[in-house]
Amino acid sequence: MKKESVPMRIIHFYIEGFRSMTLGKTLWLIILIKLFIMFCILKPFFFPRHLGQFKEETERQEYVSDELIQRAELITP
Amino acid sequence: MIENIDTSLIDWSRAQFALTAIYHWLFVPLTLGLGIIQAIMETIYYKTGKTFWKTTAQFWMKIFGINFAIGVATGLILEFEFGTNWSNYSWFVGDIFGAPLAIEGVVAFFMEATFIAVMFFGWNKVSKGFHLASTWLTIVGATLSALWILVANAWMQYPAGMTFNPDSVRNEMSDFWAVALSPVAINKFFHTVLSGWIVGGAVVVGISSWYLLKKRNTAFALGSIKIGALFGLTASLLTLWTGDGSAYQVAQKQPMKLAAMEGLYEGGNGIGLVGVGVLNPAKNNYDDAVNPFLFKIELPKMLSFFAERDLNAYVPGISNLIDGGYRTSGGEIALSAQEKIEKGKLAIQALANYRQARKDGNETVALESRATLDENFAYFGYGYIKNPTDLIPPIGLTFYSFRVMVILGGFFILLFLVATIVSYKNNFGNKRWLQWICLWTIPLAYLAGQAGWVVAEVGRQPWAIQDILPTSAAVSKLSTSSVQITFFLFLILFTILLIAELGIMVKTIKKGPASSEE
Numbered sequence: 001m002k003k004e005s006v007p008m009r010i011i012h013f014y015i016e017g018f019r020s021m022t023l024g025k026t027l028w029l030i031i032l033i034k035l036f037i038m039f040c041i042l043k044p045f046f047f048p049r050h051l052g053q054f055k056e057e058t059e060r061q062e063y064v065s066d067e068l069i070q071r072a073e074l075i076t077p
Numbered sequence: 001m002i003e004n005i006d007t008s009l010i011d012w013s014r015a016q017f018a019l020t021a022i023y024h025w026l027f028v029p030l031t032l033g034l035g036i037i038q039a040i041m042e043t044i045y046y047k048t049g050k051t052f053w054k055t056t057a058q059f060w061m062k063i064f065g066i067n068f069a070i071g072v073a074t075g076l077i078l079e080f081e082f083g084t085n086w087s088n089y090s091w092f093v094g095d096i097f098g099a100p101l102a103i104e105g106v107v108a109f110f111m112e113a114t115f116i117a118v119m120f121f122g123w124n125k126v127s128k129g130f131h132l133a134s135t136w137l138t139i140v141g142a143t144l145s146a147l148w149i150l151v152a153n154a155w156m157q158y159p160a161g162m163t164f165n166p167d168s169v170r171n172e173m174s175d176f177w178a179v180a181l182s183p184v185a186i187n188k189f190f191h192t193v194l195s196g197w198i199v200g201g202a203v204v205v206g207i208s209s210w211y212l213l214k215k216r217n218t219a220f221a222l223g224s225i226k227i228g229a230l231f232g233l234t235a236s237l238l239t240l241w242t243g244d245g246s247a248y249q250v251a252q253k254q255p256m257k258l259a260a261m262e263g264l265y266e267g268g269n270g271i272g273l274v275g276v277g278v279l280n281p282a283k284n285n286y287d288d289a290v291n292p293f294l295f296k297i298e299l300p301k302m303l304s305f306f307a308e309r310d311l312n313a314y315v316p317g318i319s320n321l322i323d324g325g326y327r328t329s330g331g332e333i334a335l336s337a338q339e340k341i342e343k344g345k346l347a348i349q350a351l352a353n354y355r356q357a358r359k360d361g362n363e364t365v366a367l368e369s370r371a372t373l374d375e376n377f378a379y380f381g382y383g384y385i386k387n388p389t390d391l392i393p394p395i396g397l398t399f400y401s402f403r404v405m406v407i408l409g410g411f412f413i414l415l416f417l418v419a420t421i422v423s424y425k426n427n428f429g430n431k432r433w434l435q436w437i438c439l440w441t442i443p444l445a446y447l448a449g450q451a452g453w454v455v456a457e458v459g460r461q462p463w464a465i466q467d468i469l470p471t472s473a474a475v476s477k478l479s480t481s482s483v484q485i486t487f488f489l490f491l492i493l494f495t496i497l498l499i500a501e502l503g504i505m506v507k508t509i510k511k512g513p514a515s516s517e518e
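Top line first, the protein sequences correspond to chains A and B.
Note that my numbering has the first sequence beginning at 1, numbered continuously upward.
Note that my numbering has the second sequence beginning at 1, numbered continuously upward.
With the rest of the complex left out, here is chain B (with noise of 0.2 Å):
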């Protein structure tokens, strides 16, 4: 008998799954980026024997451990998800997640974990020059534990450098290389990381300003700001710059993703960028006529510049890519959303055929399905598409999340210029106004990033696999209150870490760095 899997088991799943992953990365960007302002200030340090940088490093480096301590293994909880929640799913990838999580775990974490020993208790113990290196060690350590993280995230974007092994039901890495340096997982590992620079930036100068504010350690305040402000506008262009090159990773990989990211139901050619614009909630269907924008303002024939390099290049919106029959950028004939359907339900059809010829002993039929199934398992996971409309991700949620990110973005790079030029022209004491906007920049920060996990993570909906294993099939069929049960814990436990890391930390910035500095 088929049991139907229950969508409020998925939908409940998803959302314990974001959940974690969200309060994750609360912690997760500022280890990345003040990691590396801390660093610097070392550095500083090491190259003049100022003690002044040397104190400088050492506050920063105390609200560093806060947020390391705090954050240190949440993210094993995902792990536990995996085994659970998503068994499928972590039972399909075999090894292609596996070996990216394994060496993270055993490289990365380990080197992490036994530099940031010698950066908190080797001051005055160990040599300045040993001292500097373990503190770069320290960052380059959790870098790559967010690399490996990252890689396995963009091959669940873009599948490559694997083959499917009917027998073990499992995908076999065929190719390290192009899993761990596909243009997606580059993209994406750089965009990421510097996202988390920009929140490292922003809490510096965020909290310097705090001082500044309450006119205290304002030598300390306006030392830190020069260094977190000019390292923020450094991220935040590095960060435009990689954003480019993920969008149109975006265009060629997930194009649907992209025409949710600007609500672009009709495709065509020389299409405009949606700057901003207002949804308009009528629209219920993808194909019923309604004008989907209440409201908007579009740069002309930018999407097809940046989806293509080229201002009169064709893209697809949701109608053409459940359509199909546009010409490709590499000039195929697109399959409809059926057509697709109907190839991946030959797949899924082909693989029992296989598992039964194989118990029956029958190659022939084994090796006729194996054909077909290699033949129609890049659709593998159409076949669990119901209706061509379940291919549309949540259209609002993308499409505004884009735009909070990107108009962040842009603030953040005009809001670091001005806080870099004002700084290195010692005027920053003196503009509260400026010393403020820097304060609330903080949250910003953190809003953009999360917004930018949105976009990547609810814009490839259906799909827990990119086009080969959707969520509805990836999903281990629990009772639903046993996922709400730990839903609602989670939400307990890491809500508690984090009012415990705001107390602490605040209560360390209300200290101030040791007297010093002046």
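So that you can see chain A by itself, here it is in the shape it has in the complex (with noise of 0.2 Å):
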């Protein structure tokens, strides 16, 4: 009989793995619920990156600095 090839016996390790797991199929259920929330709900939705706002690098550095400027209460030039 032929021997499989490496990356095929990877593949089937992993297949045969899920497939005769019973407590970690909830487990895997529960990991796919929870990113789904996270990348597909929250992230979007609830957490877009603050700086994104901007499109350059340039932009973001003159907001940051304003910021950080700012909220010292200075006298500035």
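It should be emphasised that the hints constitute simulated quantities derived from the structure, not laboratory data.
Certain hints may be false.
[As the list claims (entries may be wrong)] Below, in silico cross-link-like pairs of lysine-lysine (DSBU-like), each with a Cα-Cα straight-line distance of 30 Å or less:
hint: 1; chain 1: B; residue 1: K359; chain 2: A; residue 2: K55
hint: 2; chain 1: B; residue 1: K125; chain 2: A; residue 2: K3
hint: 3; chain 1: B; residue 1: K507; chain 2: A; residue 2: K25
hint: 4; chain 1: B; residue 1: K477; chain 2: A; residue 2: K43
hint: 5; chain 1: A; residue 1: K25; chain 2: B; residue 2: K477
hint: 6; chain 1: B; residue 1: K511; chain 2: A; residue 2: K25
[Stated by the list, open to error] A few chain A residues that face chain B, going by a derived Cβ cut-off under 10 Å, partial list only:
hint: 7; residue: E4
hint: 8; residue: V6
hint: 9; residue: P7
hint: 10; residue: M8
hint: 11; residue: I31
hint: 12; residue: C40
hint: 13; residue: K43
hint: 14; residue: R49
hint: 15; residue: K55
Where a beta carbon is used, it is the ideal one built from N, C-alpha and C, also for glycine.
With the hints in hand, could you dock these two chains into one complex?
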């Protein structure tokens, strides 16, 4: 019988592993639901990158420097 | 126009981050501790060939797997929060924070993810030696993940190895090893990971005690207790040692945190360590001459010894740190808080002048401003402090959390010592009182870890980055209501996850290890 290649053996190792799971199937379901909530709901709708509103790196630099300077309540030039 | 940041925005943003971190830390320590214990058990199986140790290791791997699955990726939410709620901070820290987290993501996480599959799917499919190596490499990967996160956290407590670039408004890493191997990072890593090992030991001994109380799976329970108790004892003793190292670093790098941990308002030479004490709620100001304690028992001169390795050394209190003028252990005269605030304002003004000069093409002013900024950058964050008393962290929470951690640490040493001796004398099965104590020690182990984090994080307020960025400057300008919404969303999400974990875990524990073990 022809021996399987290493990549195929690895693929079959994972497939058989997932098939033979009992409790693991529930856990994977929880992981997938959790990742869906995190990346498809929380991240886009509740956690946009605050500095993502600026397209250019220089705009971000300018925004943060203004923030840091103004919050100190100094008299700036 | 200058827009003031609402303090409720800062408070809600901090509460949200604290909630997420606290929940995340419910899952991590068991992964770190139980991972080592199951690897030890599998190593015994590998050495002796006894299937008892194989089924024992497999049962604890199942508990490990449940905890890992529920907890995995909860830490990513902290990274979401950096980008959304702490955007000034995220930009300002630049690659200092990014580099360790990138290494964590690429190396440690993938190492963990690869070998965990072999650990769970590989029984009877790969050789015993390869399986054992995968089990060890899984926990090495998990520990390396923790290392890089803790290096990043340690840098916030003791910023080193960086240069501030006023053009990019970012701190740029100038010395990777100064960041990765800072004494604060090393102590933090060992102290934190070892506290996770205590949780692992407590969970193994506690759950095994439950089996003994139920008079079932006795051989499995007694075998597990022998490993768990000895492991817990070793971890507790090492945690005591690294705790001393951590406290020494706090004394050197964050003296205000140390003063808060001890409720020390007036410093001096040969200061005692408060063993137990009750703070006086009538103490409202650092300089109001009200006795800060209603009651306390001190260990004479021990704070001086732990802080400076000298029984008669000077330790500054809160008043001294605010008023300055004392001689530091390095021999310099300490600046007052007001002097630091002035230097901070100079640094921020220099940043403003530098950027304006660059826009105007005035290189002479830019160079002068850059020199002023560099000279005063160590005090940059003080420029945001309105009142010197804002530099005092919450004393009560820091003081009591520290005592909870230390007293529980002492309790763990005693309990694991007794449990180890009794189990190796083969008497553990007869000591129901000890079994009950071990069972109820499980939540205490988690409590000690959380208390430790409260000391580390609340005790360093008002700083997001020690001395160079307070939370008031680090927080994003968002509406407070949006932060409140996400706070409660997380509360609901994480509570559901926690209930799911506890439910699945209790069911698995009730089912018990695979036939076997007797």
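Now the hints, each set against the structure:
Taking the CA atoms of K359 of chain B and K55 of chain A, the gap is near 20 Å; set against the 30 Å cutoff, the hint holds. Of the pairs offered as hints, the one joining K125 of chain B and K3 of chain A holds, with about 15 Å between alpha carbons and a cut-off of 30 Å not exceeded. Under the criterion of a C-alpha separation no larger than 30 Å, the hint pairing K507 of chain B with K25 of chain A is consistent with the structure, at around 15 Å. Our distance criterion of 30 Å between C-alpha atoms is met by K477 of chain B and K43 of chain A, whose separation comes to about 18 Å.
For the hint pairing K25 of chain A with K477 of chain B, the CA-to-CA distance comes to about 42 Å; that exceeds 30 Å, so the pair is violated. Among the hinted pairs, K511 of chain B with K25 of chain A is consistent with the structure: their alpha-carbon atoms are about 17 Å apart, no more than 30 Å. Here the hint on E4 of chain A is broken, as its CB sits about 13 Å from the closest CB of chain B, past 10 Å. Interface restraint check for V6 of chain A: the shortest CB-CB distance to chain B comes to about 13 Å, outside 10 Å, so the restraint is violated.
With a least beta-carbon distance of about 14 Å to chain B, the hint placing P7 of chain A at the interface is violated under the 10 Å criterion. The interface hint given for M8 of chain A is violated, since its Cβ lies 14 Å from the closest Cβ of chain B, which is over the 10 Å cut-off. For I31 of chain A, the suggested interface contact is upheld, since its CB lies about 5 Å from the closest CB of chain B, less than 10 Å. The criterion of a C-beta within 10 Å of any C-beta in chain B is not met by C40 of chain A, whose closest approach is roughly 13 Å, and the hint is violated.
Proximity of K43 of chain A to chain B holds as hinted, the smallest CB-CB distance being about 6 Å (cut-off 10 Å). A cut of 10 Å between beta carbons decides the hint on R49 of chain A: the least distance to chain B is about 4 Å, and the hint holds. Restraint check, K55 of chain A versus chain B: the minimum CB separation of about 15 Å is more than 10 Å; hint violated.
The structure fails to meet hints 5, 7, 8, 9, 10, 12, 15 from the earlier list, while all remaining hints are met.
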